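Chains as they are written, first to last, in the working numbering: chain A, 621 to 905; chain B, 621 to 905; chain C, 621 to 905; chain D, 621 to 905.
Since the hints were made in silico from the structure, they are not lab data.
Among the clues, some could well be false.
No distinction is drawn between identical chains; accordingly, a pair holds when it is met within one copy or between any pair of copies.
With a Cα cut of at most 30 Å, we get these calculated DSBU-like pairs of lysine-lysine [unchecked claim]: (1) LYS676 with LYS695; (2) LYS636 with LYS708; (3) LYS873 with LYS717; (4) LYS695 with LYS717; (5) LYS873 with LYS900; (6) LYS900 with LYS800; (7) LYS900 with LYS681; (8) LYS695 with LYS681; (9) LYS636 with LYS774; (10) LYS695 with LYS636; (11) LYS717 with LYS800; (12) LYS636 with LYS681; (13) LYS681 with LYS873; (14) LYS784 with LYS695; (15) LYS676 with LYS800; (16) LYS695 with LYS769; (17) LYS708 with LYS775.
What you are looking at is a predicted structure, and each value in this text was computed from that prediction instead of being measured.
Next come the chains, spelled out residue by residue.
Protein chains: 4
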Amino acid sequence: MNIETAILQVYGPDRKGLVAGISGFLFDHGANILHADEHTDAPAGMFFQRIQFELKGMDIKFEELEPAIRPLARKLNMNIQLLSGRTKKRMAVLTSKSDHCLLDILLRARAGELNADIALVAGNHDIHAGLVGALVIPFHFFPMPPETKAVQEKKLLELLIREKVELVVLARYMQILGRKFIAAFPNRIINIHHSFLPAFSGSRPYQQAYHRGVKLIGATSHYVTEELDAGPIIEQETVRVSHGDSIEDMERKGRDLEKVVLARAVRFHLEDRILVYANKTVVFE
Amino acid sequence: MNIETAILQVYGPDRKGLVAGISGFLFDHGANILHADEHTDAPAGMFFQRIQFELKGMDIKFEELEPAIRPLARKLNMNIQLLSGRTKKRMAVLTSKSDHCLLDILLRARAGELNADIALVAGNHDIHAGLVGALVIPFHFFPMPPETKAVQEKKLLELLIREKVELVVLARYMQILGRKFIAAFPNRIINIHHSFLPAFSGSRPYQQAYHRGVKLIGATSHYVTEELDAGPIIEQETVRVSHGDSIEDMERKGRDLEKVVLARAVRFHLEDRILVYANKTVVFE
Amino acid sequence: MNIETAILQVYGPDRKGLVAGISGFLFDHGANILHADEHTDAPAGMFFQRIQFELKGMDIKFEELEPAIRPLARKLNMNIQLLSGRTKKRMAVLTSKSDHCLLDILLRARAGELNADIALVAGNHDIHAGLVGALVIPFHFFPMPPETKAVQEKKLLELLIREKVELVVLARYMQILGRKFIAAFPNRIINIHHSFLPAFSGSRPYQQAYHRGVKLIGATSHYVTEELDAGPIIEQETVRVSHGDSIEDMERKGRDLEKVVLARAVRFHLEDRILVYANKTVVFE
Amino acid sequence: MNIETAILQVYGPDRKGLVAGISGFLFDHGANILHADEHTDAPAGMFFQRIQFELKGMDIKFEELEPAIRPLARKLNMNIQLLSGRTKKRMAVLTSKSDHCLLDILLRARAGELNADIALVAGNHDIHAGLVGALVIPFHFFPMPPETKAVQEKKLLELLIREKVELVVLARYMQILGRKFIAAFPNRIINIHHSFLPAFSGSRPYQQAYHRGVKLIGATSHYVTEELDAGPIIEQETVRVSHGDSIEDMERKGRDLEKVVLARAVRFHLEDRILVYANKTVVFE
């Protein structure tokens with residue numbers, strides 16, 4: 621889209637007049653609403669909204685919008701977040717040995733499919749440095765031996781902060797992140813787990829799936845929280861397997877799932893389509 | 621849901637202020653919006669909306685709502701339709717020899733899954749009269765030999781009108797309906813075609829699929845228009861087949877698709893989730 | 621198929637000459653092989669085979685086949701099972717309050733989709749007695765209050781044995797079966813669990829799924845073993861859900877999955893397509 | 621797999637003794653069968669088989685196998701093809717402007733997922749020359765303006781023959797190939813068409829799909845024959861779309877389908893899993 625847009629995310633306790641109040645405000649300022657999605661979580665009594673609107677023709681500049689809408693949000697008891705549709709988020713990708721998710725993300729970004737600037741790739745192995753370099757993206761090597769892991773992760777975190785990274789994508793990154801690292805990026809670290817969570821959390825999920833004899837395998841993208849593989853799920857997908865599939869076959873089939881499931885989650889995040897509440901996600905596709 | 625609700629469908633040329641205008645009207649009358657879905661068809665410049673709201677607490681009765689909203693609709697140049705969430709639509713099911721879609725619909729209605737009263741079942745074969753009777757639903761037998769088909773279809777149409785039928789479901793009904801019959805129920809006759817339309821329209825789609833050697837078969841539910849198998853598509857689904865599947869296997873796999881795809885379309889219609897425009901459907905799931 | 625066939629299931633430790641030995645035996649007796657499926661589980665060193673062949677033109681009667689093939693099986697160290705393609709298995713369906721899986725199975729049997737004679741339906745509630753009766757199938761009511769459950773289940777087991785039941789289908793039967801009951805039908809009790817096992821085993825899986833915020837829900841059919849929801853998985857399927865789906869929506873979507881997943885498993889069993897090994901199934905579709 | 625294997629493909633008119641004859645031959649020479657798949661097309665009266673077996677322990681060398689099995693094949697009236705499991709096929713990829721399928725194939729080959737040597741990439745545009753070069757694969761630029769197309773295609777064909785190319789993959793190559801080119805590679809040119817064939821053949825399938833208002837879009841990989849988009853289908857897949865998806869959304873969703881559907885077809889071909897008969901494929905997955 622070549623037109624300049626803004627995205628308003630709204631959530632809070634449900635009550636009458638929310639849609640009218642917010643759409644009235646935008647209309648009064650001359651906004652043209654392009655997309656509007658609402659969700660009411662009736663059992664929780666919560667309201668969620670994402671509105672994308674055109675800035676052209678408004679009687680107010682983007683910078684003035686948030687201060688202008690604050691009083692209304694306070695009156696309606698809503699949390700709001702206002703984002704420019706034009707701003708690309710700065711993204712870092714963390715990698716270990718597998719390269720399929722890493723390259724998939726980098727090539728999608730290169731193809732213009734993701735609304736992001738890839739600030740850097742960092743890895744605890746350096747085997748992909750060459751190809752990342754060929755794509756003209758800085759690669760940073762952070763070996764993570766147990767004895768220096770804490771220090772290394774601290775340095776990595778400092779790098780990400782220095783580089784103003786806003787989204788961290790774990791592209792089959794095989795290190796468990798420390799508490800501080802996670803706390804620095806709340807709902808801004810996306811992981812891909814190669815199982816249909818909550819089944820087969822933890823290590824070697826395809827082996828677990830093989831031995832249980834399931835007839836489908838899955839992949840799950842989720843925000844990283846302190847509890848391993850237990851953060852808010854963003855996207856999942858499954859594919860059929862049979863008795864004829866070896867663990868290697870599952871890994872091969874699974875790679876295609878992982879790429880698609882991670883890419884969708886990253887795109888949803890970059891387009892501000894996700895709201896998180898009660899360890900669950902509202903995803904306005 | 622035990623609360624009393626109403627559903628407002630709105631569509632027309634897109635312009636600023638539509639969401640604000642309509643939600644403002646509802647709020648002014650004290651409505652609590654339960655679900656709201658919007659869609660803007662940018663190339664066509666069209667706006668579509670479905671709003672479900674609670675009647676309790678409003679300062680106006682359901683019967684007074686439509687007259688009250690008419691002036692606003694006229695001002696906004698919108699087509700509107702207001703429906704009570706409580707009113708069950710009167711539905712007729714037409715059947716031939718296959719019974720899987722027929723029984724599936726009847727049992728879903730019996731289980732409370734469909735917001736409908738089944739007024740009657742009519743068939744050009746009477747083999748299912750017994751089982752329909754066991755479900756305490758009137759069965760009408762309308763043989764359709766070529767020489768009397770026109771007359772019989774006229775009688776069937778009169779019966780449906782007399783019975784105040786609002787939705788006609790063709791549950792693998794194997795007769796091509798006449799022009800007048802179709803005209804009497806615009807966007808209110810739902811057919812299930814046993815292929816992934818537009819592939820394999822017309823007769824014997826599984827045979828066509830078998831001979832083409834496709835690796836998926838499909839089913840399509842659509843509103844019936846004068847052009848055969850060319851009406852607005854409501855829902856579609858596919859399932860894998862392989863070289864090992866005979867035509868009979870395809871028919872068996874296909875039956876499961878047909879049931880689900882037809883049932884979804886019927887449910888969407890009964891819950892007023894469908895808007896039709898330019899021979900396409902907007903389905904607010 | 622109107623031709624008379626037999627099915628030979630073979631499994632045992634893998635070694636050279638198995639396919640040649642068995643197909644040679646059948647050819648020497650004039651059999652025409654219609655379908656042959658093999659599977660080698662390389663890590664386990666096990667061989668599995670299912671051969672369906674035509675009896676017409678053989679120089680040996682069906683009754684004489686098994687004694688004739690025994691010496692070869694012993695020589696090859698294979699377990700064999702020989703079944704007539706014509707014999708319908710006697711099947712019992714157990715039911716509680718939900719009727720969707722029950723009716724689905726009964727109607728498939730009525731439509732000739734299942735190679736079974738339905739000996740009886742038994743329920744710990746009697747609400748479906750009428751409709752089962754309308755389908756001309758005996759219904760037996762076995763209330764299961766805790767204090768008499770053991771006695772009642774014993775009586776139910778006696779009935780099944782007396783009725784020569786060969787397959788027990790739990791169509792959303794909500795009672796946990798006792799040890800003796802399960803032992804009486806090894807790999808001959810099929811359950812449908814309304815989740816993607818091993819996720820959300822135990823009770824109320826849709827509630828569990830809702831609260832975890834998954835983006836797919838599933839259904840799993842499996843043979844019943846002593847450990848709850850942990851028997852060999854026969855078939856699984858998933859369907860997308862979103863933040864917009866309530867628990868009731870999940871139940872509705874799930875019912876369609878449950879029906880299809882259970883029906884497939886039952887059909888596979890009735891057509892002798894399943895071999896069980898190491899708590900896993902080999903399913904020759 | 622590190623063991624040395626061979627693959628035998630067999631097809632011809634069905635008759636008794638085929639499985640016994642072929643497996644007996646292999647056993648007599650000491651082969652260990654790893655996988656065996658059979659298919660009988662009953663209406664056509666045709667038999668198809670793929671056997672993968674271990675060469676170690678056989679009393680005959682791979683080179684001697686084909687001459688040794690010829691007399692048996694003649695006796696059984698079977699067509700046979702014997703292939704070494706070790707030999708990588710030489711593959712060429714043709715490209716135009718889109719790069720997603722091209723890069724997907726190249727990266728899968730690089731990851732060892734495809735049993736192929738990529739001989740070269742050729743394109744009627746040279747925009748991907750750089751990235752292909754970075755992957756250390758020769759890139760050949762063949763502009764195809766209408767006036768020199770015939771000559772250019774002849775040169776391309778000569779290059780492919782000179783390079784001993786055995787499989788030509790059209791990775792969204794937007795030129796219609798000439799008769800001679802196609803004839804030079806019978807059942808050895810694989811195309812990806814971005815629709816669920818036979819629906820939306822020809823140009824701009826996503827536009828066609830958008831205007832018809834389908835609820836699923838698809839991708840189809842097939843062998844190229846003289847009739848456009850009408851060759852034997854190897855693999856297909858679909859994904860859901862809704863009224864909310866623009867043509868651009870369909871293209872984005874479609875790219876993920878195209879990559880997976882093309883890659884599967886290429887892998888099946890490279891592993892000699894495909895037999896072609898009556899413009900249809902038997903694919904032994």
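Tested hints:
In this assembly of identical chains, LYS676 and LYS695 lie within 30 Å of each other by CA distance both inside one copy and across copies; the values are 27 Å within and 24 Å between. For a Cα distance limit of 30 Å, the shortest separation of LYS636 from LYS708 across copies, 27 Å, qualifies, whereas the shortest one inside one copy, 35 Å, does not. Within a single copy, LYS873 and LYS717 get their C-alpha atoms as close as 18 Å, and across copies as close as 28 Å, so both meet the 30 Å cut-off. Taking the shortest Cα distances, LYS695 and LYS717 never come within 30 Å of each other, neither inside one copy (51 Å) nor across copies (48 Å).
For the identical chains of this complex, LYS873 and LYS900 are neighbours both inside a copy (27 Å) and across copies (20 Å), given an alpha-carbon limit of 30 Å. In this homomeric assembly, LYS900 and LYS800 come within 30 Å of each other (Cα to Cα) only inside a single copy, at 22 Å, whereas the closest approach across copies is 42 Å. For the identical chains of this complex, LYS900 and LYS681 are neighbours neither inside a copy (34 Å) nor across copies (38 Å), given an alpha-carbon limit of 30 Å. Taking CA atoms no more than 30 Å apart as the test, LYS695 paired with LYS681 passes in both settings, with 22 Å inside one copy and 29 Å between copies.
In this assembly of identical chains, the alpha carbons of LYS636 and LYS774 never lie at most 30 Å apart, being 47 Å within a copy and 50 Å across copies at closest. For the identical chains of this complex, LYS695 and LYS636 are neighbours both inside a copy (12 Å) and across copies (24 Å), given an alpha-carbon limit of 30 Å. In this assembly of identical chains, LYS717 and LYS800 lie within 30 Å of each other by CA distance solely inside one copy; the values are 24 Å within and 45 Å between copies. For a Cα distance limit of 30 Å, the shortest separation of LYS636 from LYS681 qualifies both inside one copy, at 29 Å, and across copies, at 18 Å.
When the C-alpha separation of LYS681 and LYS873 is checked against a cutoff of 30 Å, the pair qualifies neither within a copy, at 48 Å, nor between copies, at 34 Å. In this homomeric assembly, LYS784 and LYS695 never come within 30 Å of each other (Cα to Cα): the closest approach is 33 Å inside a single copy and 49 Å across copies. For the homomeric pair LYS676 and LYS800, neither the shortest alpha-carbon distance inside one copy (42 Å) nor that between copies (49 Å) is at most 30 Å. In this assembly of identical chains, LYS695 and LYS769 lie within 30 Å of each other by CA distance neither inside one copy nor across copies; the values are 47 Å within and 59 Å between.
When the C-alpha separation of LYS708 and LYS775 is checked against a cutoff of 30 Å, the pair qualifies only within one copy, where the shortest distance is 25 Å, while the shortest distance between copies is 45 Å.
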